[in-house]
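Following the hints, complete the assembly by docking chain B onto the known chain A.
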Amino acid sequence: MTNAVTNVVAELIPHFEGYVYPNEATQQPLWSILIVLYPYITGLVAGAFIMASLVRVFNVKALEPVYRLSMLTAFAFLLCAPLPLLFHLGHPERCFEVMMTPHLTSPMAIFGFVYAWYLMAVLLLELWFDYRRDFVEWSEVTPGFRGTLYRLFTVGVTDVSDPALKLDFKIGHILSVVGIPSAFLLHGYVGFIFGSVKANPWWGNALMPIIFIMSAMVSGIALCVFNYMVLSWVRRKALDMKCLDVMCMFLFYALVVDAAIEGLDWIHRIYSAEEGFQVIQYMAREKLFYTLSLGQVTLGTLVPLLLLGSLQLLRRRVPDLIRRRMYFASGALILLGVLAMRWNVVIGGQTFSKSLRGVMTYKMEFAGLEGWYMGAALLLLPFIILTVFVKIFLSEKLPSTAPLEPHPAHAR
Amino acid sequence: MKSWLSRRNLLSRLSIAAAGLLAASAARSAKAAVQKVFASSGAPRGYDPAMHKWRMAIDANRCIGCGLCAEACKKENHVPEGQYFRTWIERYIIAKPKPGSGEARGETLVDSPSGGMHGFPESIVPNAEIQHSFFVPKLCNLCEHSPCVQVCPVGATFDAPDGTVLIDPKYCIGCGFCIQACPYGCRFLSPVTKTAEKCTLCYHRITRGLKPACVEVCPTQARVFGDLMNPVADDPLQQFYQNNLVQALKPHLGTKPRVFYAGIDKEVR
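Top line first, the protein sequences correspond to chains A and B. Following our numbering from start to finish, the first sequence increments by one per residue and tops out at 412. Following our numbering from start to finish, the second sequence increments by one per residue and tops out at 269.
Note that these hints are calculated values from the structure, not bench results. Mixed in with the good hints, there may be bad ones.
The calculated PhoX-like cross-link candidates involving lysine-lysine, where the alpha carbons are at most 25 angstroms apart (straight line), are [what the hints assert, rightly or not]: (1) B:K256 <-> B:K53; (2) B:K53 <-> B:K250; (3) A:K170 <-> A:K61; (4) B:K266 <-> A:K198; (5) A:K363 <-> B:K194; (6) A:K198 <-> B:K250; (7) A:K61 <-> A:K198; (8) A:K391 <-> A:K237; (9) A:K287 <-> A:K198; (10) B:K98 <-> B:K256; (11) B:K256 <-> B:K211; (12) A:K198 <-> B:K256.
Here are some chain B residues the structure puts well away from chain A; computed CB gaps all over 12 angstroms [claimed, not checked]: (13) D48; (14) H52; (15) F85; (16) I89; (17) C172; (18) A196; (19) G263.
Among the chain A residues that face chain B by a calculated CB cut under 7 angstroms, a handful are [unchecked claim]: (20) Y21; (21) P22; (22) N23; (23) E24; (24) T26; (25) L30; (26) G90; (27) H91; (28) R94; (29) V98; (30) S106; (31) A109; (32) V157; (33) V197; (34) S355; (35) R357.
Idealized CB from N, CA, C, for every residue including glycine.
Here chain B stands alone, though its shape is the one from the complex:
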């Protein structure tokens, strides 16, 4: 009889241990929820994310491909050297169709040397053969249904109430799942911190009443930034929405990007 009891004891001890593990997990979840409220986002004390809805919009018609935005972003956010970008500029060159080809358009060439940070070299397609050519600044699309947030195994990347999608670098485990899940190539694994990084709309600046660095330096106002909850007089963002028919990138994926584009072509992905 004794050994029967000992087995029962053993099993009950095992179950207690399992229950303990589960309870610890629940406790840590609660702690994480609290932590998330105080996540290391770079916002100053007293900033209330519930009082803002930050948005950026891109008027591609205005972009001249100077690359100042990409450069400013690198400096402002200490983005690692090399091919790492929180924002970059793509150049699209759509060639004229070959005579007699029966096509409406020729080939589309896309490039972004060094993220467009130092401008663009001469096009390899001669000017006379170009049908359309334009620049498209890219950044985090701040999706409403962000696949990156959905897949993060620890919740290190999260939707802030003010419309930004942020990453807590102290919490990210560096698995790279969010980078795989982002359809827009906006994320990278920093070789310095070994965590995922992306555009935060310069959260440390916007929460102090400043504009994101890229918006600040853009000479043509191709990048439009504002707060939907607190529009200013002649709000550029409101004017942008008023004056343009807009598109979002890869809408079929259902990510609902909150960054809208004006003046882009169907070739832009």
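So that you can see chain A by itself, here it is in the shape it has in the complex:
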């Protein structure tokens, strides 16, 4: 029995072609599925927030129906963003040292601060100012535990007079304006973690933060499309087609920019063909064929570009039902494509030796901390949290107020 188990484990040890440094042989990839999920989830946060700020800062009225859902999505995913990082540490109990004694030349050291800033100063505050009036109202009309919960969320501030609401609105607006560069910072910095590694020709690249920001926006908007459609389906509510059209228009343009920048990155790599290009080329052709050529490029970029692009031209001629399906397919494909992109960056960057003489094969395990189950659980967790948030903060039973402007009825 033990032998059988050992054999299974032995099969999981990656094998190599060519020469890899001995220390690379045992631990590749040192950063696996957890670190794939980390930039993925963080990117979804940044993207969903940008989506929400289209309403708030850029005044895109058509997107109002998804404003709160986008904010809650960003919040739910942000709560889960540090988990994969935390789990993969050799000493998770020392994680607070990153914030308490940060080493300021390290791209990773800033994460704690950017994260805390984004969570506490931007998202939480903005959500609170958005919901303050609702909390007050809901706490009055809801009995029992739920009512107590809403009362707790008011933190004792029950003033819903007109000037107070105006101030809420103003502060919310300022926070949203501050939030946009913060979201860029949050995810640009994640890109920099990889882009700053000059030892690795796959990662060390000035375009990396920009690629990460753009793909974050794409994936975040796609997630909002996905969530909005699923939520409407679950609640048996009609979709606001205008809202969906506008959302997908932004998704399309973000995807165009993202694809252009990533294409530029590849053109630059191929043209300059620097040291290490050969091994990168081999890897892209052989080792990452399914996730790169098929997943990221074809299914995650080209097909959605085609679907969304054709709808930009022929929107009026395509019936609602078909349009909805095309939007849903594009959103879901983009979500998978961006996940594949994170995989290609993180795993791809570790499947060749820094001696540039060999490549490795990575087989992901099923169980264990870095396995499929753990990955799936970590991906599901934000959706579970979001479901709870939707139940509490987007309840159908409670009177909904226009979230973005002081309500005239409350003027005293």
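Then chain B, alone, in the frame of chain A:
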């Protein structure tokens, strides 16, 4: 009016809390700076790192690939079993070009079975077809601009004033960023301590006047070790610098390695 005040109160309390967090962070930074001076490095009391500049140099012409250095290092530093090495030896075999190929050289084969710890098996390229064959001992390059030090999020790995690059195992959080950042594959995450490990030049030995274990056992003096601040008579390190044109590994990365190599080929990375 009351509720206005309560909101203002709330906001000011929030700001006080944020300021408190920041102040705590600054205090901890100061504490860490102090800690770093007394970091757990294994040096004896009274050792003054400012009075030394330790260096190692490799004369690849002398290396016979016996692997004693890698073995000694494993034992001396309790390096975990398996493919974990603070130092290892690579064998380079550069084949002759195929006749009529118009090439100057044939293919380059590199291997390091078990880090070269037990020597090397017979080459798969027949002797008659080998143009060059040589061994290259590898270790931490003790970079002046160490990318590993730069990226450590907590400052657990640091440049000591005596020219070594050390890791405080009590402080390392095991994130692996330094391992990714090292271009030379010199670091690994110990399965035992769950922290990063690397060559320290046998810090516990050199700070007591001994040589690193690998230097001690090398039968051919391929590994040369010394103190630039306190040269001895006929200092082997000074002689090495005097007698050889040297190279550093991957100089284009700007890491400025302080370990110099003599007698290596362009194929060595």
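The hints, checked one at a time:
1. B:K256 <-> B:K53: Status holds; Cα separation ~15 angstroms.
2. B:K53 <-> B:K250: holds (22 angstroms)
3. A:K170 <-> A:K61: Answer holds: A:K170 to A:K61 is near 17 angstroms, not above 25 angstroms.
4. B:K266 <-> A:K198: holds (20 angstroms)
5. A:K363 <-> B:K194: holds (22 angstroms)
6. A:K198 <-> B:K250: Distance ~11 angstroms between A:K198 and B:K250 Cα, so the pair holds.
7. A:K61 <-> A:K198: violated (44 angstroms)
8. A:K391 <-> A:K237: holds (15 angstroms)
9. A:K287 <-> A:K198: At roughly 22 angstroms apart (the allowed maximum being 25 angstroms), A:K198 and A:K287 satisfy the hint.
10. B:K98 <-> B:K256: Violated, at about 37 angstroms.
11. B:K256 <-> B:K211: holds (24 angstroms)
12. A:K198 <-> B:K256: holds (14 angstroms)
13. D48: holds (25 angstroms)
14. H52: holds (24 angstroms)
15. F85: violated (5 angstroms)
16. I89: Since the minimum Cβ distance to chain A is about 10 angstroms, B:I89 lies within 12 angstroms and the statement is violated.
17. C172: violated (7 angstroms)
18. A196: violated (8 angstroms)
19. G263: Given that every Cβ of chain A is farther than 12 angstroms from that of B:G263, nearest at about 19 angstroms, it holds.
20. Y21: Check passed: Cβ of A:Y21 comes within 3 angstroms of chain B, closer than 7 angstroms.
21. P22: Given a least distance of 5 angstroms, the restraint on A:P22 holds.
22. N23: holds (4 angstroms)
23. E24: With a closest approach of 5 angstroms, the A:E24 hint holds.
24. T26: The hint holds - A:T26 has a Cβ within 7 angstroms of chain B, the shortest such distance being about 4 angstroms.
25. L30: For A:L30, the interface hint holds, since the closest Cβ of chain B sits about 5 angstroms away, which is under 7 angstroms.
26. G90: holds (2 angstroms)
27. H91: For A:H91, the interface hint holds, since the closest Cβ of chain B sits about 5 angstroms away, which is under 7 angstroms.
28. R94: holds (4 angstroms)
29. V98: holds (5 angstroms)
30. S106: holds (4 angstroms)
31. A109: holds (4 angstroms)
32. V157: With a minimum Cβ separation of about 5 angstroms from chain B (threshold 7 angstroms), the hint on A:V157 holds.
33. V197: holds (5 angstroms)
34. S355: holds (5 angstroms)
35. R357: Status holds, d = 6 angstroms.
Consistency with the previously given hints fails for numbers 7, 10, 15, 16, 17 and 18, ordered from lowest to highest.
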